[in-house]
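Construct all of the structure, not just a fragment, from the sequences and the given hints.
Chains as they are written, first to last, in the numbering used here: chain G, 9 to 141; chain P, 15 to 285.
Hints should not be assumed to be uniformly reliable.
Partner residues aside, some chain G positions facing chain P, computed with beta carbon under 7 Å [to be verified]:
#1 I18
#2 G20
#3 F24
#4 Y33
#5 N36
#6 M40
#7 I87
#8 Y88
#9 F95
#10 T96
#11 F101
#12 M108
#13 T109
#14 M120
#15 G124
#16 P127
Just so you know, these hints were derived from the structure itself, not from any lab. Beta carbons: idealized from backbone N, C-alpha and C, even for Gly.
Here's the letter readout for the chains.
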Amino acid sequence: MGKPKAYDDIPGTTVFDAQRSRQGYHLNMFCMSLMKAENREAFKANERAYLDRWPMTEEQKQAVLDRDWNGMIDRGGNIYYLAKLFFTDQKSFQYVAAIMTGSTQEEYAAMMLKGGRPPEGNRYKKEWKKKRG
Amino acid sequence: MSHVPAIGAALDNGKSGEPYWKKVFDGFERSKEWIRKVKPDVILLVYNDHAVAFSLDIIPTFALGCAAEFPVADEGWGPRPVPKVIGHPELAAHIAQSVILDEFDLTVVNKMEVDHGLTVPLSLMYGQPKAWPCPVIPLPVNVVVYPPPTANRCYQLGRALRKAIRSYGEDLRVVVFGTGGMSHQLQGPRAGFINSKYDRRFLDRMTKDPKSLTRITHLELLREAGSEGIELVMWLIMRGALDAKVREVHRFYHVPASNTAVGHLVLENVK
Numbered sequence: 009m010g011k012p013k014a015y016d017d018i019p020g021t022t023v024f025d026a027q028r029s030r031q032g033y034h035l036n037m038f039c040m041s042l043m044k045a046e047n048r049e050a051f052k053a054n055e056r057a058y059l060d061r062w063p064m065t066e067e068q069k070q071a072v073l074d075r076d077w078n079g080m081i082d083r084g085g086n087i088y089y090l091a092k093l094f095f096t097d098q099k100s101f102q103y104v105a106a107i108m109t110g111s112t113q114e115e116y117a118a119m120m121l122k123g124g125r126p127p128e129g130n131r132y133k134k135e136w137k138k139k140r141g
Numbered sequence: 015m016s017h018v019p020a021i022g023a024a025l026d027n028g029k030s031g032e033p034y035w036k037k038v039f040d041g042f043e044r045s046k047e048w049i050r051k052v053k054p055d056v057i058l059l060v061y062n063d064h065a066v067a068f069s070l071d072i073i074p075t076f077a078l079g080c081a082a083e084f085p086v087a088d089e090g091w092g093p094r095p096v097p098k099v100i101g102h103p104e105l106a107a108h109i110a111q112s113v114i115l116d117e118f119d120l121t122v123v124n125k126m127e128v129d130h131g132l133t134v135p136l137s138l139m140y141g142q143p144k145a146w147p148c149p150v151i152p153l154p155v156n157v158v159v160y161p162p163p164t165a166n167r168c169y170q171l172g173r174a175l176r177k178a179i180r181s182y183g184e185d186l187r188v189v190v191f192g193t194g195g196m197s198h199q200l201q202g203p204r205a206g207f208i209n210s211k212y213d214r215r216f217l218d219r220m221t222k223d224p225k226s227l228t229r230i231t232h233l234e235l236l237r238e239a240g241s242e243g244i245e246l247v248m249w250l251i252m253r254g255a256l257d258a259k260v261r262e263v264h265r266f267y268h269v270p271a272s273n274t275a276v277g278h279l280v281l282e283n284v285k
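Right under this line is the structure:
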């Protein structure tokens with residue numbers, strides 16, 4: 009979308025800029041609505057029907073139903089908004105982070121206990137390409 | 015100081031004594047003692063709202079809470095069981111007037127709920143009191159929608175806040191909290207990113223060479239501190255409000271708390 013940005017070469021990272029915030033406006037506002045207990049109940053009772061109240065794209069709705077967190081981010085979702093959705097599911101940031109990185113809960117927690125994902129090899133997209141060969 | 019929501023949850027659910035969390039809470043013992051002695055009359059709390067009080071409808075870059083009180087928000091789990099936050103409308107109004115005339119066009123907010131970004135730092139400093147010991151003026155900064163204000167702009171706002179506080183008619187003891195960070199990334203395949211070397215250098219420079227931090231670019235923060243580590247700009251508002259020369263009372267750095275590095279500094283003017 010638009011001109012390439014200087015931050016596009018950071019691997020595994022989507023910067024939530026003004027364009028993304030436009031793309032994800034309804035997706036994020038749907039998430040925000042889950043801060044009210046009665047809306048959480050309505051959503052849990054019939055997710056699809058609740059989602060249909062929002063003018064989101066079909067791909068955005070499907071990503072929500074699938075709890076495809078990276079898919080939601082690709083479609084303009086922002087993690088602090090998505091948090092309302094995983095809080096509604098009674099899940100934590102760490103639970104979702106593990107899924108987004110393609111690791112198990114145990115692997116992810118162990119990585120964090122060892123000091124987290126190191127900067128070495130994780131600053132530039134080209135470093136990830138090399139790793140994958 | 016960090017504001018990790020899981021820290022609040024650990025405290026609220028009685029898990030602060032578990033080994034994983036004890037390491038985090040122990041790092042704040044010294045600071046709790048310090049703030050008991052300092053007994054601030056008011057806390058100016060620089061933090062970021064996490065899509066709670068502000069949505070994508072309105073995104074103020076800098077805002078100032080001028081209300082008499084600020085209810086604790088329900089972020090999806092129900093509100094944290096912490097006291098409501100009492101404001102200081104007189105000082106807040108004075109600050110708003112002073113900094114706006116000083117060319118910092120912040121947004122005045124007279125009704126606002128506050129989220130874990132504000133309540134977790136208070137919990138870390140005060141534990142679980144029935145009421146917070148002093149009024150709090152919230153100063154939310156947008157770091158959710160890119161770009162946040164620059165490091166330099168934050169530092170300069172700190173300078174303007176200092177001038178504002180000093181020119182208030184009453185002699186009040188004001189403690190400024192700069193919160194957020196340190197390195198962390200909560201989203202995408204790079205989640206879990208931590209850069210301890212960068213964080214520790216940042217802490218050194220906060221004390222000794224804050225001017226050098228004002229030249230840090232957003233691109234550097236995104237790459238070196240993670241997409242959410244960009245919150246570190248908020249620390250510079252606090253630093254700008256202090257004298258050039260400060261005494262480091264306490265420092266604590268620990269990895270991990272959930273997905274993040276926890277960093278904490280207590281600085282005092284030397285005078």
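**Message:** Going through the numbered hints above, which ones does this structure break? Give me the numbers in ascending order.
**Reply:** none
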